[in-house]
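Chemist: Below, each chain spelled out in residue letters.
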Amino acid sequence: MRKADNCLIVGVLLAAALSAMIYYRVTLLRTATAVDTRAVIKVRGRIVRTIDLLKDGKQSVYQVQGSIGHAHLEVDGSRVRMREAPCPDRTCILQGWIERPGESIVCLPNLVEIRIEGGNGLDAVTR
Amino acid sequence: MGSRHRVWLTLILVLLGVIGFSLYPRRPVEYRSDRFLMDTLVSIKVYGGDEEKLRKAVAEAYAEMQRIADLTNRFPARGATEHSASDVCRINDMAGIRPVTVDPDVFAILELSRTWRHRTDGAFDVTIGPVMDLWGFGGKHPHVPKHDELAARLTLVEGDCLQLKREERTVFLEKAGMGLDLGAVAKGYATEKAAQVLKRSGIEKAIIDAGGTIRVLGKNVEGAPWRIGVKNPAGSGGIFAVLTLQDSAAATSAGYYRSFDSGRKRFHHILDPGTGYPAMENASVTVVAKDAGTADILSTALFVLPPEKALETVKKLDGVEVFLVTVDGRTLHGKGPAGRSVVQSEDPEHHAQSR
Chain R
1039 MRKADNCLIV
1049 GVLLAAALSA
1059 MIYYRVTLLR
1069 TATAVDTRAV
1079 IKVRGRIVRT
1089 IDLLKDGKQS
1099 VYQVQGSIGH
1109 AHLEVDGSRV
1119 RMREAPCPDR
1129 TCILQGWIER
1139 PGESIVCLPN
1149 LVEIRIEGGN
1159 GLDAVTR
Chain W
68 MGSRHRVWLT
78 LILVLLGVIG
88 FSLYPRRPVE
98 YRSDRFLMDT
108 LVSIKVYGGD
118 EEKLRKAVAE
128 AYAEMQRIAD
138 LTNRFPARGA
148 TEHSASDVCR
158 INDMAGIRPV
168 TVDPDVFAIL
178 ELSRTWRHRT
188 DGAFDVTIGP
198 VMDLWGFGGK
208 HPHVPKHDEL
218 AARLTLVEGD
228 CLQLKREERT
238 VFLEKAGMGL
248 DLGAVAKGYA
258 TEKAAQVLKR
268 SGIEKAIIDA
278 GGTIRVLGKN
288 VEGAPWRIGV
298 KNPAGSGGIF
308 AVLTLQDSAA
318 ATSAGYYRSF
328 DSGRKRFHHI
338 LDPGTGYPAM
348 ENASVTVVAK
358 DAGTADILST
368 ALFVLPPEKA
378 LETVKKLDGV
388 EVFLVTVDGR
398 TLHGKGPAGR
408 SVVQSEDPEH
418 HAQSR
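Respectively, the protein sequence lines represent chains R and W.
Residue numbers 1039 to 1165, in the numbering used here, belong to the letters of the first sequence in order.
Residue numbers 68 to 422, in the numbering used here, belong to the letters of the second sequence in order.
Honestly, the hints are just simulated from the structure, not real lab data.
A couple of the hints might just be wrong.
As the list claims (entries may be wrong) - DSS-like mimics (lysine-lysine), calculated; alpha carbons at most 30 Å apart, straight line:
1. K120/W - K1080/R
2. K232/W - K260/W
3. K1080/R - K207/W
4. K272/W - K120/W
5. K266/W - K123/W
6. K123/W - K1080/R
7. K260/W - K286/W
8. K382/W - K207/W
9. K376/W - K332/W
10. K286/W - K382/W
11. K357/W - K382/W
12. K266/W - K1080/R
13. K232/W - K357/W
14. K260/W - K1080/R
15. K286/W - K1080/R
16. K242/W - K207/W
17. K272/W - K260/W
18. K1080/R - K383/W
19. K120/W - K266/W
20. K357/W - K272/W
21. K120/W - K207/W
What the hints assert, rightly or not - Here are some chain W residues the structure puts well away from chain R; computed CB gaps all over 12 Å:
22. G146
23. D160
24. R165
25. D170
26. L179
27. E271
28. I274
29. A291
30. G386
31. R397
Predicted model only: the values in this text are computed from it and were never measured.
C-beta: ideal position from N, C-alpha, C; glycine also.
The shape of chain W in the complex, shown without the other chains (with noise of 0.2 Å):
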């Protein structure tokens, strides 16, 4: 072989493999963005092969998010501009007088909360704000009431007295005093709205984190199922369990977080409808289902039904699982008919009771 030779075959030997380095599949692009929204940090990360776009998609969601958090924020001052915009504001200064016209999400968000009231035999009820307003949650100050004012609170705490007309898109407080309180809802509800843009948008692989409510679209970069760690309710800390998620969502309820001491005693914002007071026999509650809004909403009904009826309640739910906790340090896992075992024990002294 002359040397001329010898020196094309060098050359397209190494053109070849500078073409085939360049076809070598890439990672997608990350891109991740964090914001503080309805009172918690909000974070987003998605994956795809162009940045610009996955920017564009993830403002969109957040901007959804925000539609949604202005909509429901009950807590803005009359007169102000964020009052007369959020429907929720509207229904409770309307409460014994007229029906509103919401908004269609508004609407979306009432009857599903309807749905699992009924589901859940009023463990989740959305009237439940004056009785939030009297222990002042939300506000500066929580303290724990006189009981005949609690009493008189509970009068108004009345699913049944929530008037929701599908044609007109109408809702109704029917006695005067009621108030509506989404703060077990909203945020599972804004961040399923979220994800929704993220997938019309084109987006296969993200993951919505909201303050501890997660919602997963496709599986992680590596190609397996994101990995949620579920927060050990207990003093020490850390992580007690592993979730293994795909295209689904998971939400917490929880004792520790908006408590206060009074007395000996610890005091938390769950409240339970039937009798004004937080429920105590659950440290922590953690529900996997397909859509972050019900994920949400079963957090919070299941954490103020007692452990057992708790588990009854989710055999009945399709899709649905439960890991839950209780005060005495038990540690329960229940799933309705479709739902998959997606519980990894990561602790060798918290091992899931299954059932």
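Isolated chain R, as found in the complex (with noise of 0.2 Å):
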């Protein structure tokens, strides 16, 4: 046994222990942050857009291309809410804030989804 292995497996040793500490600290940091929300924008079922929402975030306008037009959704800290949509029936902005994991605001003529998304809140709402 030469000196030269010793410091081989040490090395891999140490290697292994540091991606071990890298991957534990890197999923201890994800459930630390987990109670951050974010926003998932779908158009006809596809994410157009994930917006990461914060207590204390800036309000703001974001506009996204549906079906059969442009549909503005506003982000008021860590609530969102359907503002302007060219929909005729206009349920979606009726529906108002949703803020807790598992809401969503859906605008079937324009096939745009809203869903509130992360945190350790609710797998659905029923509505």
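Assembling the complex is the task here: the two chains are given apart, and the hints tell you how they should meet.
Modeler: Listed below in structure tokens is the structure:
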């Protein structure tokens, strides 16, 4: 057994330990920030945008191109609503703000969906 | 200890570590998919060991929902292929003429509907079709009908004139002009069928969300009951209660969907089969039941009944639970004999009054 072999083994072990630490660190960090939520925007069932929501986030308006026209959604801190939509029934706008994971707003005519995900919240909302 | 031994020992330890790590139980695979179906967004989320198997089961579940949707759709134009594929269209076409043989599932939906019509003293009636049409719900321009027109159409809403013959599996609407509308039951029934498809494929953990009609299998991925929020019907939005469900279903009927304004009043699509007008005492009714079909029917039936009567009715229903918000802002909670208390109040100002 040469000194070089020992060095190699120690090196491999160190690398393994380091990657294990990084792995656990990452998962730990992820659970630690899991209280944060995000709004997932889908058009025709495909994700077009994901917005991270923060308790003290700024108010801002996003525009997405739906099936029949532009939808404007407003983010205010950790909540989201449909502000303007080209649909005739305006059901999506009437739904108001959503904030909790599992809540969603669906605009059927425009095929736009906003869903809150993340956090340790709800699996779904009956409505 | 010689250095050779030390090397071997280290290697063995590392090997054991690798084996141990790979045997460590992994979280099950999650597969999720969304589809627009029955005028709403349906999302199915399932858990299991093999993604390919999950994908296949979910595709079959959607196919089953689509099949029920096609059989119960009453809106395709006459002459279209969708029209002849719909049992409901065929039954409505033959109203007052002759009985029609239907798919076993359509027959089952109608039997289920008849049972609940009797148990809720007529608060639920699938022969509401002609009155729904008069209001124009389902079309682009809903409006308040004239009173005498409504009174005339109301004579065609008569559950007793819906003949079901089990042996021949035929359905007959006795009077010409009568029409079925399965809008308050088809989605729930289809959701239940989808859940049964998943179950038969060996899936033990799943959640189906059909535009707010929810069916869950087993517990969630954390091993706890699924947490289902109940939407607050008040203008401020949000959630005002959380239901914890396991192997059961929840459905909500509320006045905030499919509604329109006329004059200073707001009208919605949940019509009282007795009067032909929207039921105006409740803002939202959420029902928990063993299966999604029953939950869907009961949420509509109990929405139509006055709140006190709805609570009385639920007391007699095994395994059923209701969570009700009246138009004047009261939140009421009632349950049948085997109903578990599944409601947690979220908003301190909105404590459920258990009774």
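Chemist: Hint by hint, say whether it matches the structure.
Modeler: Here's how the hints hold up against the structure:
1. K120/W - K1080/R: holds, 25 Å
2. K232/W - K260/W: The given pair, whose Cα atoms are some 23 Å apart, holds under the 30 Å limit.
3. K1080/R - K207/W: holds, 25 Å
4. K272/W - K120/W: holds, 13 Å
5. K266/W - K123/W: OK: K266/W and K123/W at ~13 Å, within 30 Å.
6. K123/W - K1080/R: holds, 23 Å
7. K260/W - K286/W: holds, 19 Å
8. K382/W - K207/W: violated, 39 Å
9. K376/W - K332/W: holds, 25 Å
10. K286/W - K382/W: With a Cα-Cα distance of about 27 Å, the restraint between K286/W and K382/W holds, given a limit of 30 Å.
11. K357/W - K382/W: holds, 16 Å
12. K266/W - K1080/R: holds, 29 Å
13. K232/W - K357/W: It holds: about 27 Å lies between the C-alpha atoms, which stays within 30 Å.
14. K260/W - K1080/R: holds, 27 Å
15. K286/W - K1080/R: holds, 27 Å
16. K242/W - K207/W: Holds, at roughly 28 Å.
17. K272/W - K260/W: Answer holds: K272/W to K260/W is near 16 Å, not above 30 Å.
18. K1080/R - K383/W: Distance of about 43 Å is beyond 30 Å: violated.
19. K120/W - K266/W: Status holds; Cα separation ~12 Å.
20. K357/W - K272/W: holds, 16 Å
21. K120/W - K207/W: Violated: K120/W and K207/W sit about 41 Å apart, past 30 Å.
22. G146: For G146/W, whose nearest Cβ neighbour in chain R is about 25 Å away, the distance exceeds 12 Å, so it holds.
23. D160: Fine: 28 Å to the nearest Cβ keeps D160/W off the interface.
24. R165: Holds: least Cβ distance 37 Å, greater than 12 Å.
25. D170: Nearest chain R Cβ is 27 Å from D170/W, so the label holds.
26. L179: At roughly 20 Å from the nearest Cβ of chain R, L179/W sits farther out than 12 Å, so the non-interface label holds.
27. E271: holds, 15 Å
28. I274: violated, 6 Å
29. A291: violated, 10 Å
30. G386: holds, 17 Å
31. R397: It holds; R397/W is separated from chain R by about 19 Å at its closest Cβ, greater than 12 Å.
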